[in-house]
Amino acid sequence: MSRQVFAYIKHSAGEVEDSAYELIKVAEQIDPQAEVTALLFGTGDELDKACQQAASIYPQVWKVDKQEHSYPNAELIRPQMMNLLPADAVVLASFDTFGMDLTPGLSVKMGSSHLADIVGVEGMEGDTLKAVRQEHGGQVHTHVTCDMSSGAILSVRGGVFPASEGGQSGQVVDKTAEAGDVQARRKFLEVREAEIGEVDITKEDILISIGRGIEEEENIEIAQELAEAAGGVVSCSRPVVDAKWMDKSRQVGTSGKTVKPKIYLAMGISGSFQHMGGVKGNPFIVAVNKNSKAPIFQVAHVGVVEDLLEFAPTLTEKIQEMK
Amino acid sequence: MNILVCVKRVPDPAENEIEINKDGSDIDREDLVYSVNEWDNYAVEEAIQIRDQHGGSVTVVSVGDEDSEEILRREMAMGADQGILVSDDAFQGSDGLGLATILKSVAESGNYDLILAGAQSDEGAAQTGGMLAALLDYPYASLVNEIQVQGGDKLQVGREIEGGNQEVNEIELPCVLSIQSGINEPRYVGIRGIRKVSGVEIPEKGASDLGLSEDQVGEQAARVKRVDYFHPEMGEGAEILEGSTEEVAEKLVELLKSKGGLK
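Same order as they appear, the protein sequences are chains P and V. Each residue of the first sequence is one higher than the one before, starting from 1 at the first, in this note's numbering. Each residue of the second sequence is one higher than the one before, starting from 1 at the first, in this note's numbering.
Hint data in this document are derived by calculation from the structure and do not stem from the laboratory. Incorrect hints may appear among the rest.
[To be verified] Now the in silico label distances, taken between C-beta atoms and shown as ranges:
(1) P:Q52 x V:S213: 27 to 35 Å
(2) P:K260 x V:E66: 45 to 53 Å
(3) V:S258 x P:G281: 17 to 25 Å
[Unchecked claim] Straight-line alpha carbon distances no greater than 27 Å define the calculated DSS-like cross-link-like pairs of lysine-lysine that follow:
(4) P:K244 x P:K290
(5) P:K109 x V:K154
(6) P:K109 x V:K225
(7) P:K25 x V:K225
(8) P:K260 x P:K203
(9) V:K259 x P:K323
(10) P:K262 x P:K290
(11) V:K259 x V:K8
(12) P:K203 x P:K262
(13) P:K262 x V:K8
(14) V:K205 x V:K8
(15) V:K259 x P:K262
(16) P:K109 x P:K130
(17) V:K154 x P:K66
(18) P:K187 x V:K154
(19) P:K130 x P:K25
(20) V:K259 x P:K280
(21) V:K259 x P:K290
(22) P:K293 x V:K22
(23) P:K323 x V:K251
Glycine included, every Cβ here is placed at the ideal spot set by N, Cα and C.
This is chain V alone, in the form it adopts within the complex (with noise of 0.2 Å):
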């Protein structure tokens, strides 16, 4: 089976505090320390295993700036058999169903039974699979937390709904899939193991390899648009407790207690 797997670089949730830059126009970018989508990097270790137990091939494909060669190569480090940078210009300002129209375009110049996304990244919409799939008239299913491969051309899938229930579905392939995080246990990617990488060709390919124009992607096409990060007037919030640990711990005992917290 090949496997085409999007990823995106993001800041690492774990590792910032997300700050908005001084006109409102972008977050702060200074300082931030950058990792491949959470989502994603389930979504690449999925196609790894299902790679090894059925045969066939992992892509990665990034699209992007410069930098995101470095998570196309961690995760080709990870096992993916090759990497493609998406980038352009041309890009920049694609809302939703620009990122797909790029992505399907790629979809296209492969042959991939099998597309796998992240469920969500840092902006939260839950939508480039989706639109992917649509794009593609392909079957579709998001947020998939078990796969398994079923004889030639299908696919029996669960995906986590609400209550943590899961629901199981039987998908014809080829299909897109949104992968939801906890699906598997990414395997560690070491510096020996990226080192092993750093000398593979990873191809870049623009708008007009991908025979895109501007009334399809980038900030023209763009039909959903960002105007500004701000941060809401909120109400009061929490109260919070000042002082050295210890005198903050002793305030919030007393607070728990009279909560009848403490049992």
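In isolation and in its complexed conformation, chain P is listed as follows (with noise of 0.2 Å):
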């Protein structure tokens, strides 16, 4: 018998995350036979919209309105999912702010495995799933195992697996009366909007960015130095955010900003794929790391094994020698 897979589709404003494209690719390389329903979650117009964006990539799409739905509470869908599914279903979700909310907790609740963030799918063997992970911020890989054979809850990280083109013309069901109604003892009340600082770093050509390896907040200043000489300004990852350095709005990440520079030099940055999510626009990417086994160097074009805050007052100078 087939295995009943399910997406969990996350949307905004009538539009499918690309999230959607990429899970039903990871749905067929766990099982080429599966029967993959799309789920999506919603209200009125947007979420029609979106579910036929669903079905042009889902053989079948199962939505629930409720106005309770407009924005996403995993409170109040994580049981609703539970009235839904099967009981041995395989869910996918995105490891991303919401599934971080969702796929714990369903899992437990569902009695279902949980295997969180995987980065590659290397096969079954009779009920037992073989995947990949990252531990250690991405410095080593895992393979992992996950019993299926009583339902399983996997979270899949974005960008990684390829993407569906699409063509499918797949079948929309309501299945809002059977979700059921739930009560939640968390209430969503509004979402505050990032602020942009003096400096819009989602504008510049060439980013200086820094992360842990700059080590102490007095060394700013020598990434400073270099952006001037460079043309460029200062950007970071989140640890520099964390301790107070720069201000949030100078944070590049996918809980930071979303920057496409044509120029971006990663300095002290390990580059986890959270850091690398806010790096778009195929900048010319270089990274300056002491660690040469940093995720970074993956990534990167070019590469310099050295301390930053060795490296970065030479590069300075060189720059005004010879520009």
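With the hints in hand, could you dock these two chains into one complex?
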């Protein structure tokens, strides 16, 4: 019997997120015969539009249309999914800020296995899935096995699996009544938009980006001097903002800004996927890091294995001499 | 408010380059520098600040071997009132659910209004808090970057979502929250602070103390298992510039010029 696989599809303003195109490919890699159903929670015209788009990717689409889903609240959606899904369902969701809210608890409530943040699928052996994850900030990969005999909830890293080209003409089924009415002990109030700082790093062509390797707040000056010489501005990764050394508006990453520079000079940045998720537009990436194993060297075009505190001042001098 | 904070001892990401051992069964643990998981440290600081404003207590718990006592002591030096070390050979090989099951027993053996965990740790699964909440049947919010206590039985919490935006929610107590880094500025702990708590007794609990059996925790119960560690065959990766610092800098300037990267 083929496995029933469900993909939780995030959408906003009537459009599905890119992950919708990737999750079906993950399902196919797990089981080419799988019956894959897209699950969409939302309300009104925007939900219907997103469902139409999902039906161009998935053979079947289930929608739950309730006013309470105008903004997704995992505490409401989780019990409704339990009402809808067969107990041994395989559920795919993306490993993002909503997935982290939804999937760990869903696995417990459904009595299913939970496998988070997969970056590769090796295949099935009986009811056991073999998959690939990363640990220690992407410095090492692991093979993991997941017993799917009583169902499994898998969260999937975005942007690492291929994207489906669509071309399906799936059927949209209204499952609103079956989802049932549930009470949540968590209520969504509002979204507060991030502030735009005095420098808008999303509009800059040259970014000198610093991470944990800057070591101390005083050393940021080294990056500023380099940025001035190169005609760019300083951006940063999460640890620099966490330490309150730079404003949040300077942070590149999925939880910060998405930038599209021509040159991205990453100094002392290990290159976690959350950070690289904010670097778009295929810039020329230069990595300076004293750890030759840092994942950033896998995505950079050019690498320098040196301590940025030594290298940056020399680079500044050379730019001033040679430009 | 009585707060339980779950903390883990991990290789310090600022101090280590992670290598894999010879047979790929583990990372190379020789000469690793360990510390408390960064996210957990923010969670402890947040708990201390809430206690100082609203009263109550902060308990830190760690599941691990005896070495985990040092991080419990460190967090107590920060200001946590008590520590619990949960340690047993039977816990070896537990998966995420096994760990959450252990923590559930700890939570139920106390009287906690609020349970905090770091948003993620060295394994990067970001699952402990969410699983624990579901096991306890408490409401949950992940990636919390702001907490305000509202009257007796509610919190207003901010969650960090994509784009650096903040999603604001109201959540009922008791609840579980996973804490995002940057929520506060964790206080500095000096050697003197740690010395002050060096004599404090930290109770140790095992499987039988917590009423846990082999079909619930450990290798046998695990449905998710790590098979091995490996380095994948990557594409070419970056072209590494070789030479003295000066030579490398010169090469890089030429490259940047050719890419139109210098104005």
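Can you give the numbers of the hints that this structure goes against, from lowest to highest?
1, 11 and 13
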